[in-house]
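Q: Starting from the known structure of chain V, fit chain S onto it as the hints suggest.
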Amino acid sequence: DAKTTQPPSMDCAEGRAANLPCNHSTISGNEYVYWYRQIHSQGPQYIIHGLKNNETNEMASLIITEDRKSSTLILPHATLRDTAVYYCIVRVGDAGNMLTFGGGTRLMVKP
Amino acid sequence: GAVVSQHPSRVICKSGTSVKIECRSLDFQATTMFWYRQFPKQSLMLMATSNEGSKATYEQGVEKDKFLINHASLTLSTLTVTSAHPEDSSFYICSARLPLEDTEAFFGQGTRLTVV
Chain V
361 DAKTTQPPSM
371 DCAEGRAANL
381 PCNHSTISGN
391 EYVYWYRQIH
401 SQGPQYIIHG
411 LKNNETNEMA
421 SLIITEDRKS
431 STLILPHATL
441 RDTAVYYCIV
451 RVGDAGNMLT
461 FGGGTRLMVK
471 P
Chain S
769 GAVVSQHPSR
779 VICKSGTSVK
789 IECRSLDFQA
799 TTMFWYRQFP
809 KQSLMLMATS
819 NEGSKATYEQ
829 GVEKDKFLIN
839 HASLTLSTLT
849 VTSAHPEDSS
859 FYICSARLPL
869 EDTEAFFGQG
879 TRLTVV
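Chains as they are written, first to last, in the numbering used here: chain V, 361 to 471; chain S, 769 to 884.
Excised from the complex, chain V in its bound form:
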């Protein structure tokens, strides 16, 4: 799986958009971009994933650059409950493939 680079920490004001960047310059054509988050002392939670096109669901939006070398996870209106470590992972879609976690970004949403 391609390696990802994320800032170790970010702050965001409650109610504002949180934009979390991820670099994956060595991504292959068959690798998806996945985002998960982990709230303290819980298992990771799936947020969103995409291959080439931008994606949006009830939790977030995923913006993937045209060259696919970077992406941004957008939480449109961050709340205190969004405080967590956010992991950007790239991997092939094979169901038997495990996830390799990097350091992630610790997002702190402040009042």
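Source of the hints: derived by calculation from the structure; they are not laboratory data.
Be aware that one or more of the hints could be misleading.
[Claimed, not checked] Pairs of lysine to aspartate or glutamate residues, derived as EDC-like cross-links and limited to a Cα-Cα distance of at most 20 Å, are as follows:
hint, chain 1, residue 1, chain 2, residue 2
1, S, Lys-832, S, Glu-855
2, S, Lys-832, S, Glu-790
3, V, Lys-470, V, Glu-426
4, S, Lys-782, S, Glu-855
5, S, Lys-809, V, Asp-371
6, V, Lys-363, V, Glu-426
7, S, Lys-788, S, Glu-855
8, S, Lys-788, S, Glu-872
9, S, Lys-809, V, Asp-442
10, V, Lys-412, S, Glu-872
11, S, Lys-809, S, Glu-855
12, S, Lys-788, S, Glu-831
13, V, Lys-363, S, Glu-872
14, V, Lys-363, S, Glu-827
15, S, Lys-834, S, Glu-790
Since the model is a prediction, treat every value here as computed from it, not as a measurement.
A: Here is chain S on its own, set in the frame of chain V:
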């Protein structure tokens, strides 16, 4: 979404004893499950891949005789920490995916193991 349930959520055991952690896929069949370990302030590290009906595949540096994995059915994988020591104290997390391409993984809620 699909649900993965892990039990127990928290366990304290004495040094030298064994502890079993269960991971169940509640509403889907998982031919493959994954076991991770997470130490404080660190990321998740893959320990092993559990395959239904066959032996688990362990990551380098993980002792297969210490961390016994059994995946006897399509909905249950167990991790047994044998002869636990204080350094085995950690957060253990299991994961499973639907047997389809382009799907997300679902994680259990994790098990906090403390060996005293």
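Q: Are the hints correct? Go through all of them and say.
A: Quick rundown of the hints versus the structure:
1. S:Lys-832 with S:Glu-855: At roughly 16 Å apart (the allowed maximum being 20 Å), S:Glu-855 and S:Lys-832 satisfy the hint.
2. S:Lys-832 with S:Glu-790: Cα-Cα ~17 Å, so holds.
3. V:Lys-470 with V:Glu-426: Measuring from Cα to Cα gives roughly 32 Å; hence the hint is violated.
4. S:Lys-782 with S:Glu-855: 12 Å, holds
5. S:Lys-809 with V:Asp-371: Roughly 18 Å between the alpha carbons, so the hint for S:Lys-809 and V:Asp-371 holds.
6. V:Lys-363 with V:Glu-426: With a Cα-Cα distance of about 18 Å, the restraint between V:Lys-363 and V:Glu-426 holds, given a limit of 20 Å.
7. S:Lys-788 with S:Glu-855: 17 Å, holds
8. S:Lys-788 with S:Glu-872: 26 Å, violated
9. S:Lys-809 with V:Asp-442: With Cα atoms ~18 Å apart, S:Lys-809 and V:Asp-442 stay inside 20 Å; holds.
10. V:Lys-412 with S:Glu-872: This hinted pair holds, its Cα atoms lying about 16 Å apart.
11. S:Lys-809 with S:Glu-855: Holds, because 15 Å separates the two Cα atoms, which is no more than 20 Å.
12. S:Lys-788 with S:Glu-831: With a Cα-Cα distance of about 16 Å, the restraint between S:Lys-788 and S:Glu-831 holds, given a limit of 20 Å.
13. V:Lys-363 with S:Glu-872: Judged against 20 Å, a Cα distance of about 18 Å means the pair holds.
14. V:Lys-363 with S:Glu-827: 18 Å, holds
15. S:Lys-834 with S:Glu-790: 16 Å, holds
Violated hints, in rising order: 3 and 8; the structure is consistent with all others.
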